[in-house]
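K.L.:
Knowing the structure of chain A, use the given hints to seat chains F, H and R on it.
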Amino acid sequence: MSQLGFPLLSIIVWLPALGALLLLLVPRTNDELSRRASLGVSTLTFAISCALPALFNPALPEAAAPAMQFVDQIDWIPSWGISYNVGLDGVSLWLVLLTTFITPITVLSTWDSVHKQVRAFQILMLLLETAMIGVFVAQDLFLFYIFWEFTLIPMAFMIGIWGSENRIYAAVKFFLYTFAGSVLMLVAIIALYILHRDAIAATTPGYVGTFDFGVIAEHLRSGSFVLEAGLAQALFGAFFLAFAIKTPMWPFHTWLPDAHVQAPTAGSVILAGVLLKLGTYGMIRFNLTLFPDASLWAAPAIGILAVIGIIYGAMTAYAQTDMKKLVAYSSVSHMGFVVLGIFALNQIGVSGALIQMINHGLSTGALFLLVGVIYERRHTREIGEFGGLWKVMPIYGGVTLLVVLSSAGLPGLNGFIGEFAIMQGAFMAYETGGARILGWPFVAFAVLGVILAAVYLLRMYGGAFMGDVGNPENAQLSDLSRREIVVLGLLCVPIIAIGLFPNLLFAPMETSVADVLHTFTGVVAGR
Amino acid sequence: METIPIPPVDWSAITPILVVIGWATALLLIDVFAIPQDRKRVTGYLAIVGLIVAALAAIPLWGTSSVTFSDMLVLDNYSLTLNWIFLLVGVLSLAMALDYLPRQEIEQGEFYPLIMFAVGGMMLLAQGTDLIVLFLAVELLSITLYILAGFAYPRLASEEAAMKYLLLGAFSAGFFVYGIALIYGATGTANLFAIGEHLASPAAANGENTLLLVGAGMVLIAFGFKVALAPFHMWTPDVYEGAPTPVTAFMSVGVKGAAFAAMLRILALALPTLRPTWVVVLGGLAILTMLVGNIAAIAQTNVKRMLAYSSIGHAGYILLAIMAIDAERGVQGFLFYMLAYALTNLGAFGVVIALEQKDEAAWSLNDFTGLWGRQPELAIAMAIFMLSLAGVPPTAGFVGKFYVFTAAWESGLGWLVLVGVLTSAVAAFFYLRVIVRMFMQESTYVTEATAEARVVGISEAKDASPLLYRGLASGITVAAVGAILLGLIPTPVVVLVERSMLALAP
Amino acid sequence: MFNFIWLIPLLPLVGFALNVFVIRREREAGYVATGAVALSFLVALATFIQFAFSPPAEAKPPRVDLVLWNWISVGEFNVPFGLLFDPLSGVMVLLVTGVGALIHLYSIGYMHGDSRVVRYFAYLNLFVAMMLFLVMSDNMLLLFLGWEGVGLCSFLLIGHWFERRTATSAAAKAFVVNRIGDAAFLVAMMAIFAHFGTLSFYDIELADGAVIEGFLERADEISGLIFSIPGQNFLVSTGIAFLLLIGVTGKSAQLPLFVWLPDAMAGPTPVSALIHAATMVTAGVYLMARTHPIFELSAATQGWVTWIGALTALIAATAAVAQWDIKRVLAYSTVSQLGFMVAAAGMGAYVAAIFHLLTHGVFKALLFLGSGSVIHGTHDTQDMRKMGGLREHMPTTFITYLVGAGALAGIFPLAGFWSKDEIIAHAWSGQNFSIFLLLFVSSLLTAFYMGRQIALTFFGQQRDHSYHAHESGQVMTMPLMILAVGAVLAGAMNLPMLHWLSTWLEPTLHEHAAEFGVTQLILAVVTTLLAAGSGYLGWRYYVANSAKIKPGAKDPLYRYSGDIWEALEEAWYIDRAYEKLTVVPGFRALARFMAGVFDPQGIDGLVRGVGYAFSQAASALRVFQSGFVRTYALLFLAGVVMVVGYLLII
Amino acid sequence: MVPTSYYVLLSAALFTIGAMGMLVRRNAIVLFMSVELMLNAANLALVAFARQQVNPDGQVLVFFVITVAAAEVAVGLALLVAIFRSKRTTDVDEVSTLRG
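Chains as they are written, first to last, in the working numbering: chain A, 1 to 527; chain F, 1001 to 1506; chain H, 2001 to 2650; chain R, 3001 to 3100.
Just chain A, with the same shape it has in the complex:
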């Protein structure tokens, strides 16, 4: 049980799944009721999860091991050292909140975007929420892997059942690509478990080992468990591959445009909003914490991939005519920033990456919703089909502009904070000896992404929203409905708030990020 005396975190994790079970009681054809029930459950989850930052203690003393809060631990398979073990620290806090925040919004959007098999969709959505929160809070490698893989199933179904024409190809590709990426991580988990167990059993006979990576990390830091460099690099690689595909990093990104374009709006939102963050979260949580030396070793190479991704994603986005595809490729670019920040391996870079994950979730989620709005009205997403939407739908145009600017990283809005911190971190990513980890050349290229973001987003905005209303089909479009305004408005609030008061988010993650980077302080000059 956690310090609270009741399993707050577990409730947040399992409430949506429970809701999914309850939804089975709703008659299959009663769409309205299942939507409402789902909205109720997810909203309740969000409401409860709001207690997390309130009760979160941001300044736990820096301990040897990652200091988790709200920990619930129950033995699961004791003879393996597997336990149901969930906990929260500053790294996962906001990601959990992002999940619980985005899900009700997504559910709210299903009124407009999901029209068949509504109950099944809501069930999958709630199951997905449980899995996603689970990934962020699992403290046990086995549990983590289960949640991690389980996220695939609902998402693949969402794409495959409710998607557009080419949905099956996209769903299969999404599932297989990410699944194939994860299996190596499974091997790495097994290997890590055995290596650790054998190392500890050498001094403590009869030790059954553990999948609690907090313990493993602690042993790694205390030196009672030493990983040989080559082995650590291999394990690092196995974890990283899984995360890189999920993120997705260039050149593992090709499933993303397909998945996004085919997925229904709600699926795209949840995919971009939360699911992609699983990968980058994993990098921070596992690659950095468990394999610090290998991280240092691989950082420049990964930095190069990240920078390529930033520019590549942006350029490819520029050439898209389908708005959804454009936004999808922009995700590649933005997630490149996140990875760059993570492998800056310093406080500012990693914090920036974390906040950028939140920002990307909000902005890109909102962008997909916005594209969905127009798709529902016109059943096309080609930029060329539109023009002058701002005139016909002023509120829609205004909201889109705000979100576009947030995505383009305009200072004062959320996107800027993350991008700046990331690049600042990368700029200063030097070892104490002066050896460069990333440094200014990486920033020099990454900053092109900032320019290009303006280019491709304005190309979309200028093309579809400005100009004259050439196409008569667009002349009579109705502006946002009240529900759409609520959905998008909810997303706009944090977009502005984070831009002006990012410290609300930075402050709780400070200790935890420092803890993740525990091993690097001393290695990496913070200046």
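It cannot be assumed that every hint is accurate.
[Unchecked claim] Straight-line Cα separation of at most 20 Å, EDC-like style, residue types lysine to aspartate or glutamate; simulated pairs:
hint, chain 1, residue 1, chain 2, residue 2
1, A, K116, F, E1442
2, A, K391, H, E2163
3, A, K391, H, E2026
4, A, K116, F, E1377
5, H, K2060, H, D2203
6, A, K116, A, E165
7, H, K2548, H, D2383
8, H, K2580, H, E2566
9, H, K2060, H, E2511
10, H, K2060, H, D2220
11, A, K391, H, D2203
12, H, K2060, H, E2213
13, F, K1040, F, E1107
14, A, K116, A, E32
15, H, K2554, H, E2213
Just so you know, these hints were derived from the structure itself, not from any lab.
P.N.:
Leaving out everything else, chains F, H and R in the frame of chain A:
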């Protein structure tokens, strides 16, 4: 007077086998004499009862360990757990057959006792510690299955399957016997314990072991044939496709499990000292099997055949566990995987059976198209089975793979684990394809059929909604629930298999 | 008042919020927006006066620093959301809010009847707020917020009439070109933080007593530090200053990034006056003045700055000569004048730069508003060939315009004379004759094109009668008159000998007032005489040739210059070069290639290739499954042979 | 005296002939005979070894093998009859609908 001492016989050690075999023999007679032709279901129910009784009879034996019949049979927790698994397989197969046979109009009373005999053979395989016993058990199992495979007479495919199985089975039996002969020639015994002792002796360690090696190799090949290791797997797709579906289901898990059980015992008792040698051989076979099974399945559009190839792939994974017997988790992993695989695969075949109509092989992927719209429960169950077979959490299949891979890694089979996980990623493709068909595609012909049905005034089109009998439904339900529960709460079963230790000495 | 300086940016921001969320009617929008900025001006004025008479003594240099909240604090990265009011900020704030208020007022008349007036005023308010953040920030990051914010507002206002494609593309162009500069600015900021550990200009004391150090006062910490691009070493200060310079060229429309400004004239004229003449475009000059300690560390960059400024001044001035569009003349003129300021900053004459910035802000706003009045009075005519003789119809506009033109041309004693003369004097005494020459010629050209414009617009006969010209209403002429007075008097703030402005800015810019001797006097006399002559020449020539000018006709001078004139019209083809040559088409082609070929065929092709390989392998395996027992037995036997063979070998 | 190895070699030869028969013949009856030959080769080896080891186990096994072989053939012939009824052939290559 000179007396011939009868070696001490502990009948209790084979109580479950005795119950099964005895019940089956009696049931054969009862079926012939007491049960009318149109009430053959009763025989089936009686057979199920028999298997359940045998399972109950095994409970008191838990924890005891005895070697009896001149060290030819052993009772240990390992064999008991296997017995339960086999009995479960038997029960579920019978439950499915109860629906299948009448619908296909091939119901004969003998079917049910034959399954029981096969189960008996499987149990004997799990308990035998002498090559002679193992040979007999294999043949008991095989011959009944030859008959069962051809049970759908006059359907030619069924006869063809039986013929192929028989010819190749006999072929492999030849190798089995010849292998035994060579081992016997080298060691003077066919008893596993004795062979192990012989090999452990210093003389054997230094001496020339070629005869023994070749003999052991042949015996392993014969078992490899039964479990469908590549390249001895060629019969599998054809036989699985041709045989009546419940028989296929039974074979795919029962025979495989039993043969692996015996193989494990041979490796653990007789050949532990030769591990470096057979690891190479079996490792090669395992890689080949995982690759062939999982890759060949990609090209299949026939679900039954696809499942056959998938079962080959799974044989590769199970082999990993078998090879890892020097690690503590090898045996456990094997048992856990067997149970997980048995539930899942039986369930999957159960769904195939549910879709199968008289004279209509509903095995094509097309028959699964849009199943979710027609039979949501069936589709969801099938999805669970497919995900479990693919090893996606939170299903039994995932925990099984996790168990097996951990065991293999522990015993230093890292490269095989790599091949294992990569091929399981490949395998996900064809499992997923079934799900895609069921959930993500609208079936065109069904809508036509339904429309037609509406015109004619039939409430449900035949294809659109095959009837689900109680036996089949309960079988599928048990399998599906089991596959999920085993994935979420594997702990009780883990505890069970952890205690299912092998008796390593007489 | 010092504790209320947050009101200065907040008031326009409130106006913005009201206009976005509450106000729906045109009339209210205009009043609220104008009122907000006017109030802001009053607060600024009060603060300024207090600062002038009782400057905060404790801080050195004297300044008011108000930390509103802790904006970003990650690890050792600490940036407060803090406002600064010091001499430099003070004059900028007054310019922004003062001219801003007048332009708001003017807009009420100018934009009357437009379909999106409310939105227009909202943007205008937002712009003022952002500009105030820019000039009042106490750190680089908040300055950047304003910097990008004004860019955004510029985008929104240029694109106000987004139904016109030209407006949309001009808006996007402005934003993107600015972004290029901004990106460099970003990197410069990072470098500054990496080397100083702070982004604050001066030391800031936080509420809890902690002090965030400023970097300007200790800029020379990085003197001598080098970094290397393979094969070449550079001073870190050069790197930072050069990156800032790129930012400046973007925002202040200097070579090579000036191309967006002429296009930006697609926006409403008051916008051009406020953003593209008086305030936003001068942000670069402000930035250089603010961060001059960095620039001063790098002689190389200073040289670049001077040359860029001078060249821009000349090129834009030549381009201005050949324009027909009344606003484009002024746009190029703005670019040219900004070149003067930048060149001044490059020469270290920051006071002169700021002085010219301020006077230019007044008289160029006047000119733009005057041209707006002309456009308004001629029913959206912008082509000067269709005008002519307007002085009779629009006397107020004419007079005020004349004042503005004179100020711009540098005619004694108008504002432009004092400020421009100071720059030219600096160039002269800076012993760099080529720079002096460039600026001098530009200044003569300035007088010439203003003379030309006055002649074409207000003299001769009306050449096109499709409209009925009329004088604009009071709400528009009032600001014109106020600004005209300003254009006359503004020069007084830094009269030679008195040097009020120099003295005022001395604590911030550390620059002592220049000597004013005989040389300077002679130079001033010569300059103004030549300018007057040049202006007269331009006026005279075009009045004389008035009859030849018809809508669509070529310029009378075209005869003598030919192709060169066309080059002038196109500003030496620099813009077209971007469009047609390497950068833009290359980028597009590359992007298309990546999106259309490389991504789907190359990378994704590999991915799908894996799948294809597996399905091929699967088909291959089917061949073995022939259905014949003997094939199966053969494979079986092959397996046996392999296994037994292996066992026999070992 | 004939060394045991001769018997074993003979049995190996017989076994190989049987196995080859499986590969080259198509008639089901002949295939059964080939299998029988393999099994009997094994029997021969078993008997020889039993003789060498002076140990009856091998000979006991032979009896089991003979029995099992008989049972197998019985089932096999029954199947053959069933197939022959519909296909009118004993050629196993004709019965190869299941493939791929």
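K.L.:
Now, for every hint given, state plainly whether the structure supports it.
P.N.:
Going down the list of hints, with the structure as the test:
1. A:K116 <-> F:E1442: Distance of about 13 Å is within 20 Å: holds.
2. A:K391 <-> H:E2163: 8 Å, holds
3. A:K391 <-> H:E2026: This hinted pair holds, its Cα atoms lying about 17 Å apart.
4. A:K116 <-> F:E1377: Distance ~18 Å between K116 of chain A and E1377 of chain F Cα, so the pair holds.
5. H:K2060 <-> H:D2203: Holds, because 9 Å separates the two Cα atoms, which is no more than 20 Å.
6. A:K116 <-> A:E165: 15 Å, holds
7. H:K2548 <-> H:D2383: 15 Å, holds
8. H:K2580 <-> H:E2566: 17 Å, holds
9. H:K2060 <-> H:E2511: 15 Å, holds
10. H:K2060 <-> H:D2220: Measuring from Cα to Cα gives roughly 18 Å; hence the hint holds.
11. A:K391 <-> H:D2203: Violated, because 48 Å separates the two Cα atoms, which is more than 20 Å.
12. H:K2060 <-> H:E2213: 13 Å, holds
13. F:K1040 <-> F:E1107: Given pair K1040 of chain F, E1107 of chain F holds - Cα atoms ~7 Å apart, limit 20 Å.
14. A:K116 <-> A:E32: Judged against 20 Å, a Cα distance of about 12 Å means the pair holds.
15. H:K2554 <-> H:E2213: Violated, at about 60 Å.
In this structure, the earlier hints numbered 11, 15 are contradicted, and the remaining ones agree with it.
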